[in-house]
Amino acid sequence: MRYLVSVIDDKSNPGSTDRRPAISAFNERLIAEGYWVFSGGLADTDAATVVDNRGEQAVFSDGPFVESKEYLAGVWVWEVPDLDVALKLAAEASKVCDRKIEVRPFL
Amino acid sequence: MSDVEEAVTRAHHDEWARVVAALARRFGDLDIAEEAAAEAFATAVERWPAEGVPPNPGAWLTTTANRKAIDRIRRENKRDDKHREAQMVYDDPPEPVGAIDDDRLRLIFTCCHPALAMEARVALTLRMVGGLTVPEIARAFLVAESAMGQRITRAKAKIKAARIPYRMPSAEDLPARVSGVLAVLFLVFNEGYLASGPGTDPVRHELTAEAIRLTRLIRALLPDDGEVAGLLALMLLIEARRTARVSAGGELVPLAEQDRGAWDAELIAEGHRLVRERLAAAAAGVAPGRYQILAAINAVHTSARDIRDTDWSQVLALYDQLVRLDPSPIIALNRAIAVAELDGPEVALAIVDRLAEALAGYHAYHATRADLLRRLGRSRQSRAAYDRAIELAGNTGETAYLTRRRDQLH
Numbered sequence: 023m024r025y026l027v028s029v030i031d032d033k034s035n036p037g038s039t040d041r042r043p044a045i046s047a048f049n050e051r052l053i054a055e056g057y058w059v060f061s062g063g064l065a066d067t068d069a070a071t072v073v074d075n076r077g078e079q080a081v082f083s084d085g086p087f088v089e090s091k092e093y094l095a096g097v098w099v100w101e102v103p104d105l106d107v108a109l110k111l112a113a114e115a116s117k118v119c120d121r122k123i124e125v126r127p128f129l
Numbered sequence: 015m016s017d018v019e020e021a022v023t024r025a026h027h028d029e030w031a032r033v034v035a036a037l038a039r040r041f042g043d044l045d046i047a048e049e050a051a052a053e054a055f056a057t058a059v060e061r062w063p064a065e066g067v068p069p070n071p072g073a074w075l076t077t078t079a080n081r082k083a084i085d086r087i088r089r090e091n092k093r094d095d096k097h098r099e100a101q102m103v104y105d106d107p108p109e110p111v112g113a114i115d116d117d118r119l120r121l122i123f124t125c126c127h128p129a130l131a132m133e134a135r136v137a138l139t140l141r142m143v144g145g146l147t148v149p150e151i152a153r154a155f156l157v158a159e160s161a162m163g164q165r166i167t168r169a170k171a172k173i174k175a176a177r178i179p180y181r182m183p184s185a186e187d188l189p190a191r192v193s194g195v196l197a198v199l200f201l202v203f204n205e206g207y208l209a210s211g212p213g214t215d216p217v218r219h220e221l222t223a224e225a226i227r228l229t230r231l232i233r234a235l236l237p238d239d240g241e242v243a244g245l246l247a248l249m250l251l252i253e254a255r256r257t258a259r260v261s262a263g264g265e266l267v268p269l270a271e272q273d274r275g276a277w278d279a280e281l282i283a284e285g286h287r288l289v290r291e292r293l294a295a296a297a298a299g300v301a302p303g304r305y306q307i308l309a310a311i312n313a314v315h316t317s318a319r320d321i322r323d324t325d326w327s328q329v330l331a332l333y334d335q336l337v338r339l340d341p342s343p344i345i346a347l348n349r350a351i352a353v354a355e356l357d358g359p360e361v362a363l364a365i366v367d368r369l370a371e372a373l374a375g376y377h378a379y380h381a382t383r384a385d386l387l388r389r390l391g392r393s394r395q396s397r398a399a400y401d402r403a404i405e406l407a408g409n410t411g412e413t414a415y416l417t418r419r420r421d422q423l424h
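For the record, the sequence lines run as chains G and P. The number in our numbering is simply the position in the first sequence, starting from 1, with 22 added. The number in our numbering is simply the position in the second sequence, starting from 1, with 14 added.
Everything labelled a hint here was simulated from the structure, so no lab data went into it. One or more hints might be untrue.
Distance ranges between label pairs, derived from CB positions [what the hints assert, rightly or not]: (1) G:Phe128 to P:Ser342: 51 to 59 Å; (2) G:Met23 to P:Val157: 29 to 37 Å; (3) G:Val73 to P:Arg230: 53 to 61 Å; (4) G:Ser116 to P:Thr257: 44 to 52 Å; (5) G:Ser116 to P:Leu423: 47 to 55 Å; (6) P:Ser342 to G:Met23: 36 to 44 Å; (7) P:Val157 to G:Val88: 55 to 63 Å; (8) G:Lys122 to P:Arg230: 54 to 62 Å.
So, partial list: chain P residues that the calculated Cβ filter (under 8 Å) puts toward chain G [to be verified]: (9) Ala131; (10) Ala171; (11) Ala175; (12) Ala176; (13) Arg177; (14) Ile178.
Where a beta carbon is used, it is the ideal one built from N, C-alpha and C, also for glycine.
With the rest of the complex left out, here is chain G (with noise of 0.2 Å):
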């Protein structure tokens, strides 16, 4: 079962920025234990572009496609065998990234 896991960050109370080396360590022990997918920080949500090309030519905006306090800050994909594997998983993850975790799973 794979599972989207973001961080979420609060610009209003930001996660402390030196958590680096732990997120490294922490992904070297998802590789090894074989749940690691895909994991990946994010630019801030300033260097985000919103295109919509449903009408006739694209359009393109500056920024995130919502404006809010909280905002994505990192994603990684796992794959586990349950919720309570990831949720466990999830739990360290927030510790180690000083942020909220939330999980959500793929179709």
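Since the structure of chain G is provided, determine the placement of chain P on it from the hints.
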């Protein structure tokens, strides 16, 4: 009720959870398990009067429900021509030898999974484990039937989509997961014990009875868990006072004014037995959890033949123990009531006043203050506190009691 009707009711009471749990395990799908179990009971209602009650109703119901489930899967396979079987088997690692293994426990842990919203856990547990119908649950929580149906459907869909496992938690997770189950059962009990909503009876026995029945089931399945025993004892000792707790006029009667002769001696004896069992465990070095301490407090109250015989120092010692475990302002408020009995209302009021910020929206805070102010002869302030308590109280019996008390002030 005819013998057959009685047999169906008894079977529903004894076997519903077992049938649903076995089907859920076999087919890995709560929807199929629930519907097939309901169909099997409907078939029993149709056929038992003519054919007689089978010698082993549980086995008959499980076999019938299994057949219904397979029929349904065949029909659906024909309709959308998918190999559902592939997704129906939950891969379950072999259980360690000696672990408690009962399908009903798996069902309970799944329904009370922490990834589900609390109200979904409550509804799902009452439906899948308790066997209450959706209209019954909707009525119990004053929610429209369609909304309650949707709540249960959504919870089942999340279990399937997010792959919440149908499994016993690991030994390491067990205490936290059991405590989650107990929270659900205590919430059901409390909703019965202090029913909210303007149009409802002050006490709804069907909910307290169902909570006790389910807690007994968990107690049978997890006999060594101290908190399960504690919660069962707590519920029994509160339930024992049920008839004395509401006056003929529908007004809530506080502990001090209850007719203790009307308490249920049998339930009290059972509750006291459980508390003694936990006291023995505590003496052997097992630290008691919050339900065990709350049960012990209720055991002290139910041991006194008269309010004046209450061992308040024992009550206070237990609250002190509880505060160390759970430093919440609500516990501190209840502790202050014991302090008032030992050290007087003035000392208690000082403690209560410190909780003002945390409990400003809680009716019991204002009711407690009102009572302490009344005892201190500060009528004007007491009246204001009663007013606020009445405004916030959701229980009809409690509102009636508080109103009478306020109107008796000089």
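Problem - Hints violated by the structure (numbers, ascending) - result: 1, 7, 8, 9, 10
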